[in-house]
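Residues per chain, in single letters:
2 protein chains.
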Amino acid sequence: MHNRLYFNMDNQKRDDIFQKIVLEQNRIGYYNLPNENINHILEFADNFDKKIETIAILGIGGSSLGSKAIYEFLKPTNKLIRKLLFFESTDPLNILSILNNINLDKTHFLVISKSGETIETISIFKYIFSQKPDSKNYTFITAKGSNLDKFAKDLGSKLFYLPDNVGGRFSVLSVVGLVPLALSGVNIKSLLVGANKINIAFFNKKRIYSQLIDKAIFYASNHERYRINCIFAYLESLKYFTEWFVQLWGESLGKKQRHSACNVGLTPIGLIGPKDQHSFLQLIMEGKRDKSVTFIKIKDFKSNLKVPNIKLSNLEALDIVNNIPFSKLINMQCNSVKEALLALKEIPIDEIVISKVDAKSIGELIYYYELLTSLIGELLDINTYNQDGVEAGKTILKGKLMKY
Amino acid sequence: MHNRLYFNMDNQKRDDIFQKIVLEQNRIGYYNLPNENINHILEFADNFDKKIETIAILGIGGSSLGSKAIYEFLKPTNKLIRKLLFFESTDPLNILSILNNINLDKTHFLVISKSGETIETISIFKYIFSQKPDSKNYTFITAKGSNLDKFAKDLGSKLFYLPDNVGGRFSVLSVVGLVPLALSGVNIKSLLVGANKINIAFFNKKRIYSQLIDKAIFYASNHERYRINCIFAYLESLKYFTEWFVQLWGESLGKKQRHSACNVGLTPIGLIGPKDQHSFLQLIMEGKRDKSVTFIKIKDFKSNLKVPNIKLSNLEALDIVNNIPFSKLINMQCNSVKEALLALKEIPIDEIVISKVDAKSIGELIYYYELLTSLIGELLDINTYNQDGVEAGKTILKGKLMKY
Chain E
0 MHNRLYFNMD NQKRDDIFQK IVLEQNRIGY YNLPNENINH ILEFADNFDK KIETIAILGI
60 GGSSLGSKAI YEFLKPTNKL IRKLLFFEST DPLNILSILN NINLDKTHFL VISKSGETIE
120 TISIFKYIFS QKPDSKNYTF ITAKGSNLDK FAKDLGSKLF YLPDNVGGRF SVLSVVGLVP
180 LALSGVNIKS LLVGANKINI AFFNKKRIYS QLIDKAIFYA SNHERYRINC IFAYLESLKY
240 FTEWFVQLWG ESLGKKQRHS ACNVGLTPIG LIGPKDQHSF LQLIMEGKRD KSVTFIKIKD
300 FKSNLKVPNI KLSNLEALDI VNNIPFSKLI NMQCNSVKEA LLALKEIPID EIVISKVDAK
360 SIGELIYYYE LLTSLIGELL DINTYNQDGV EAGKTILKGK LMKY
Chain H
0 MHNRLYFNMD NQKRDDIFQK IVLEQNRIGY YNLPNENINH ILEFADNFDK KIETIAILGI
60 GGSSLGSKAI YEFLKPTNKL IRKLLFFEST DPLNILSILN NINLDKTHFL VISKSGETIE
120 TISIFKYIFS QKPDSKNYTF ITAKGSNLDK FAKDLGSKLF YLPDNVGGRF SVLSVVGLVP
180 LALSGVNIKS LLVGANKINI AFFNKKRIYS QLIDKAIFYA SNHERYRINC IFAYLESLKY
240 FTEWFVQLWG ESLGKKQRHS ACNVGLTPIG LIGPKDQHSF LQLIMEGKRD KSVTFIKIKD
300 FKSNLKVPNI KLSNLEALDI VNNIPFSKLI NMQCNSVKEA LLALKEIPID EIVISKVDAK
360 SIGELIYYYE LLTSLIGELL DINTYNQDGV EAGKTILKGK LMKY
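So the sequences go chain by chain: E and H.
Position one of the first sequence corresponds to residue 0 (the working numbering), numbered consecutively onward.
Position one of the second sequence corresponds to residue 0 (the working numbering), numbered consecutively onward.
The hints are simulated quantities; they were obtained by calculation from the structure and are not laboratory data.
Nothing here was measured: the structure is a model prediction, and the numbers come from that model.
Some hints here could point you the wrong way.
[What the hints assert, rightly or not] Simulated crosslink set (DMTMM-like; lysine to aspartate or glutamate; CA at most 25 Å straight-line): (1) K397(E) / E315(H); (2) K12(E) / D349(E); (3) K149(E) / E315(H); (4) K355(E) / D299(E); (5) K255(E) / E345(H); (6) K105(H) / D133(H); (7) K393(E) / D289(H); (8) K255(E) / D289(H); (9) K344(E) / E223(E); (10) K327(H) / E116(E); (11) K152(E) / E315(H); (12) K78(E) / D357(E); (13) K287(H) / E345(E); (14) K393(H) / D163(H); (15) K397(E) / D148(E).
With the hints as extra help, turn the sequences into a complete structure.
Written as structure tokens, this is what we have:
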């Protein structure tokens with residue numbers, strides 16, 4: 000993975016912020032995840048019932064977005080052994096439509112909730128449990144000591160615990176992401192190898208270190224001006240990665256400042272090229288200059304698919320695409336948009352190139368964005384790891400439910 | 000469909016802007032679409048080859064987002080007769096992964112491009128045509144006189160023409176959306192009835208008129224302050240509607256002003272509840288106060304699915320959800336978040352309630368947003384209907400392709 004920045008930096012703050020992140024390492028759990036022992040997960044997956052074809056995840060937000068991002072990224076090209084499905088909504092039409100498409104006898108359910116009391120997850124679990132009340136159909140992932148932990152023990156189902164101090168949106172490289180991914184056949188070792196590559200490089204001040212830290216400083220110092228940060232990824236299957244990014248960025252960086260109590264926040268936008276060249280791009284080109292853009296490209300698609308050498312009457316002007324590999328075409332499209340934006344000289348651009356569509360590459364990308372988020376959070380003087388803002392709605396809902 | 004606004008209005012500009020839209024009606028084609036004669040489309044669909052099971056759309060941006068939005072909205076609950084699939088990317092992994100999942104012998108291809116020279120669409124068409132070079136497998140939708148029109152005539156395939164002065168992102172209620180939707184079994188008559196209901200109400204200054212116009216005035220006058228407009232829809236299958244909205248809003252309203260030449264723009268965000276309560280909501284609650292939120296709710300899900308009356312040991316605190324219909328729960332969640340945001344008194348909120356998940360309701364919603372976009376564009380003093388900003392990238396790409 001390479002990251003090239005097309006904007007200038009003030010490098011003085013580098014050491015200051017680096018030291019803060021080094022200190023945070025002891026307090027915040029996700030920094031250690033690339034080095035965790037995962038043998039128990041690998042063993043669990045190896046010995047898992049071969050007749051199970053589908054793993055259905057009951058989880059929402061941090062409990063589903065990460066595994067979905069990685070699974071969907073790898074699905075088109077990697078031979079996976081089980082399908083992952085996600086129950087993420089209380090929408091009854093959605094619940095029934097997923098249930099109608101699975102064979103309950105060949106499905107295992109992963110119930111994932113850190114607090115153990117997520118209202119959506121437990122409501123859906125109650126419904127599915129009423130249809131299939133058999134403890135061996137369920138595996139639970141929760142914090143040790145939660146009420147869901149106690150329930151799962153009573154039930155006698157398999158249980159995994161989240162490591163300490165790992166928040167939901169930073170949990171994809173813990174059991175929360177690794178258990179479903181291992182069951183689906185993703186190479187979770189490579190995933191962690193990728194993450195650890197970025198981890199080691201950053202903490203040893205090598206390679207990606209300067210881009211990460213300079214980008215964080217630029218984003219944080221310009222947060223009032225460039226308040227919208229777009230990822231423009233030129234690969235359809237990165238769609239769910241952008242949804243994971245939206246949660247990570249929005250929920251981590253939209254906060255009251257620690258000392259000033261000002262409301263600050265950077266707004267994440269996920270775009271997919273070339274599709275969104277025909278949608279959001281116009282707004283970036285001619286709209287308010289309040290957006291930054293990060294292009295993400297795949298270096299090697301490992302695909303020979305070409306536009307065939309066919310001439311179509313009256314469409315001769317388009318013969319220029321003949322014989323071109325689609326992988327080359329899509330990256331040319333990305334470069335063309337990048338050059339058009341650079342020419343405006345008013346939009347901060349950077350480019351991330353990942354080597355190929357494999358577990359290691361997505362591991363790198365995930366960890367890169369986690370570090371970047373932590374750096375910006377610290378520079379914005381906010382608590383990156385809480386989400387107090389969403390409590391008010393939950394309290395109101397509880398009141399309504401009591402009354403009902 | 001109802002729309003309730005929770006912010007105060009300056010009503011003086013109403014008549015001024017209304018007159019401008021009335022004038023625009025003669026010039027801009029989409030206003031007439033709800034009243035177009037669609038008999039030729041209905042006839043085409045009625046007589047269509049019964050053994051075709053899949054309609055694959057080759058189109059991008061305005062050529063795909065509208066039909067996808069409506070199809071995906073209706074799919075979970077309406078009995079549709081054919082599957083719609085979308086080739087929207089030059090990503091080779093995506094092209095192959097869609098092709099691997101269809102039976103070419105039971106698939107008909109709709110090639111949709113207004114200009115007739117969309118590089119993505121023609122490249123993909125060349126590839127598919129090389130696999131299946133039979134004119135009767137293709138139907139073309141384009142502007143009369145385009146090079147694609149001439150090609151299709153030479154080929155002898157079925158052709159439909161876009162009406163004059165209908166831009167891609169306003170074309171969903173023309174043949175661009177209606178042909179694929181009719182083939183999939185959507186009731187396109189009801190769709191237009193819904194759209195026309197809003198059309199008539201607006202131009203007769205009835206019902207929705209005042210909300211539409213007041214909302215437009217509010218958004219336009221506050222475009223510097225509330226520069227990000229979120230739709231928060233509490234129905235999973237409205238996901239693709241929000242993508243259609245993002246194109247409509249972003250590409251229409253991100254422009255240089257006609258007279259001042261300033262870059263203005265409103266940034267659209269599509270959110271789905273309750274999922275995004277666990278993601279983007281924190282940023283709305285505690286981040287910068289630069290966002291407006293429109294909640295969209297379904298009045299009648301026509302579903303009896305309930306949380307069963309099950310007590311789970313140690314999870315007794317969550318017995319409050321027992322016996323509640325999921326349709327009630329999801330709308331309670333929406334109301335709770337709405338109340339939490341209203342309590343902040345700094346975020347402009349409105350709420351749209353649509354009656355049910357049917358063609359008529361989505362027709363209303365589509366036309367509501369088209370009118371709203373036109374109103375705001377006029378108030379911002381921009382050309383809502385062009386997209387000059389995307390040309391620069393296209394020109395650079397052509398240069399690169401020539402060189403290759």
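Next on the checklist: Holds or violated: K152(E) and E315(H), Cα atoms, limit 25 Å.
Outcome noted: Holds - the C-alpha atoms of E315(H) and K152(E) are around 15 Å apart, at most 25 Å.
Item to check | Restraint status (C-alpha distance of K255(E) to E345(H) at most 25 Å) | outcome: 15 Å, holds
Checklist entry - Given the proposed pairing of K78(E) with D357(E), does the C-alpha separation stay at or below 25 Å? => result This hinted pair holds, its Cα atoms lying about 11 Å apart.
Checklist entry - Is the Cα-Cα distance between K355(E) and D299(E) 25 Å or less? => result Judged against 25 Å, a Cα distance of about 5 Å means the pair holds.
Checklist entry - If you draw a straight line from the CA of K393(E) to the CA of D289(H), is it 25 Å or shorter? => result 23 Å, holds
Checklist entry - Are the Cα positions of K393(H) and D163(H) separated by 25 Å at most? => result 24 Å, holds
Checklist entry - Holds or violated: are the alpha carbons of K149(E) and E315(H) at most 25 Å from each other? => result OK: K149(E) and E315(H) at ~12 Å, within 25 Å.
Next on the checklist: Tell me if the straight-line CA distance from K287(H) to E345(E) falls inside 25 Å.
Outcome noted: Cα-Cα ~22 Å, so holds.
Item to check | Pair hint outcome, K397(E) versus E315(H) [Cα-Cα no greater than 25 Å] | outcome: OK: K397(E) and E315(H) at ~14 Å, within 25 Å.
Item to check | Proposed proximity, E223(E) with K344(E) (alpha carbon, max 25 Å) | outcome: Distance of about 18 Å is within 25 Å: holds.
Next on the checklist: Does D148(E) sit within 25 Å of K397(E), going by the straight-line distance between their CA atoms?
Outcome noted: 22 Å, holds
Item to check | Distance restraint between K105(H) and D133(H), which requires alpha-carbon spacing of 25 Å or less | outcome: Distance ~13 Å between K105(H) and D133(H) Cα, so the pair holds.
In this structure, none of the earlier numbered hints is contradicted; all agree with it.
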